[in-house]
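Model the placement of chain B on the given structure of chain A, informed by the hints.
Protein chains in written order, with my numbering: chain A, 50 to 304; chain B, 50 to 304.
Please note that a few of the clues may not be correct.
Since copy identity is lost for identical chains, a pair holds within one copy or between any two.
Said to hold, decoys possible - In silico DSSO-like cross-links for lysine-lysine, where the CA-CA straight-line distance does not exceed 30 Å:
| no. | residue 1 | residue 2 |
| --- | --- | --- |
| 1 | K175 | K204 |
| 2 | K153 | K264 |
| 3 | K53 | K74 |
| 4 | K258 | K53 |
| 5 | K204 | K189 |
| 6 | K53 | K230 |
Calculated directly from the structure, the hints in this document are not laboratory data.
2 protein chains.
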Amino acid sequence: MLHKFDSNSEAVFNKVSQRQDSTFKLLYFPIHGVAYASRLILATTGAKFESASPTNWVEQKATTPFGVLPVLYETVTTKEGDSEVQEVFEIPESEAIERYLARKFQLLGQTPWEEMKINAFVSSTKSLTFLAFSRIPTVKDTVQKQEMVQDMVNKSVPAWVQSHERYLVANGTNGHYIGDKLTLADIRALIVIELVLALTEDRVISQEKTPAIWKLWEGVRAIPSFVAWRNTDSYKQFDAGYQTFVKGLLPLKEQ
Amino acid sequence: MLHKFDSNSEAVFNKVSQRQDSTFKLLYFPIHGVAYASRLILATTGAKFESASPTNWVEQKATTPFGVLPVLYETVTTKEGDSEVQEVFEIPESEAIERYLARKFQLLGQTPWEEMKINAFVSSTKSLTFLAFSRIPTVKDTVQKQEMVQDMVNKSVPAWVQSHERYLVANGTNGHYIGDKLTLADIRALIVIELVLALTEDRVISQEKTPAIWKLWEGVRAIPSFVAWRNTDSYKQFDAGYQTFVKGLLPLKEQ
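Next up, chain A with everything else stripped away, as it sits in the complex (with noise of 0.2 Å):
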């Protein structure tokens, strides 16, 4: 049975939202774009997914609880006597994708304290990604565009790396913005370091001159879910757009 996002379906939502088996489909199109924080949760924790892109967009985006993807479908099965029933419930918007998913699979933390602080890297994260993934790609005008990225890269990049670097340092640069645990910073930051690391290779962020992000990316990307989804075809195809994205911010290069 599928629960749309409008039905009248709460008493088995919060049933199942606390499930850790369950199976998503990620209805997206065939980029990272504002689904990459919500695959990465699905990847980092391995849990079962599967990135799906519209047939038909057009005819489809009529069909989705705000008219924009991604929409998540979670799929559980239940037993109803002796036959199994399976409920699908369908998840709109990015922000609520990624929250309801990290709760689940407790990257949130687990008090108020560790939520906090949780939060407050994810928005330091996410001013950085969005300034270089919305911000930056609404510019037409390529002189105030090129502006704005050697800005980026000399300004905001910096800072981000500074004061992310001291945080994961005082935690013991092991990895991890709170305690030994993986969190939602963590997973939010991969998307900042592989981005610098793309537009400034080893002269911002290494194992050396940022031995503390340097652990968090390598830690967070050995995680063998993760790896298994970066060998799929999907992520390739996402890849291979990105990397044509990067590219196009990168005059820079010839500095």
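Here is chain B on its own, set in the frame of chain A:
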């Protein structure tokens, strides 16, 4: 005692985070900006708060947890034996502040279902807010900028209005997204409704055209503590800047 963001204050923070009698100081520039949602939470819930601005930002910048504003300072009074102790907590980053306050004041729902729905409405609303207050203002080229404003008014705004009116009607046109409770979804919607009214007067949102959105707007605006905040000098200063910003989007008016 001031508990900085990087202090080891978890135990006392976890206790204090539940307190409903704190006083707050929100340090930010004298504009609505990315502090608007947090100030709206404080104003609509009747919290005791003041808006403060940096006196010398160039010097103060380095003393903040991430070199950016807003930063929230929460003060609670605790008893130690016969004497009272003031505990002050520093909470950085707009999104972390907003989530922390929303959690404290029960604006994120009481079940996983409510939280997922609130997050979805908030995420949808933030996309439009981000377009208007961040992506469009980023663009310097006046032709592109005006095209984006037109596109927002002709496409993004009607899409938001249509889907959100539908969900608010489905909840009974009672001025709320979830039950009969004020939530972060309502508060975030205010920001978009105010913008749409400023840009399009009664052409898109009105009591006749969108009764459910209108009910939310009037209902939240009538909360006495929010009315009181709109009469403060701080609010009036922020609002003056806001009106100037909106006018900058508005050759539209001549349509």
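A quick look at each hint next to the structure:
1. Taking the shortest Cα distances, K175 and K204 sit within 30 Å of each other both inside one copy (16 Å) and across copies (26 Å).
2. Proximity of K153 and K264 under a CA criterion of 30 Å is satisfied intra-copy only: 25 Å inside one chain copy versus 34 Å between copies.
3. Within a single copy, K53 and K74 get their C-alpha atoms as close as 14 Å, which meets the 30 Å cut-off; across copies the closest is 41 Å, which misses it.
4. For the homomeric pair K258 and K53, the shortest alpha-carbon distance between copies (26 Å) is at most 30 Å, but the shortest distance inside one copy (49 Å) is not.
5. For the homomeric pair K204 and K189, the shortest alpha-carbon distances inside one copy (22 Å) and between copies (20 Å) are both at most 30 Å.
6. Taking CA atoms no more than 30 Å apart as the test, K53 paired with K230 passes between copies only; the shortest distance there is 22 Å, against 33 Å inside one copy.
Checked against the numbered hints above, the structure violates none of them.
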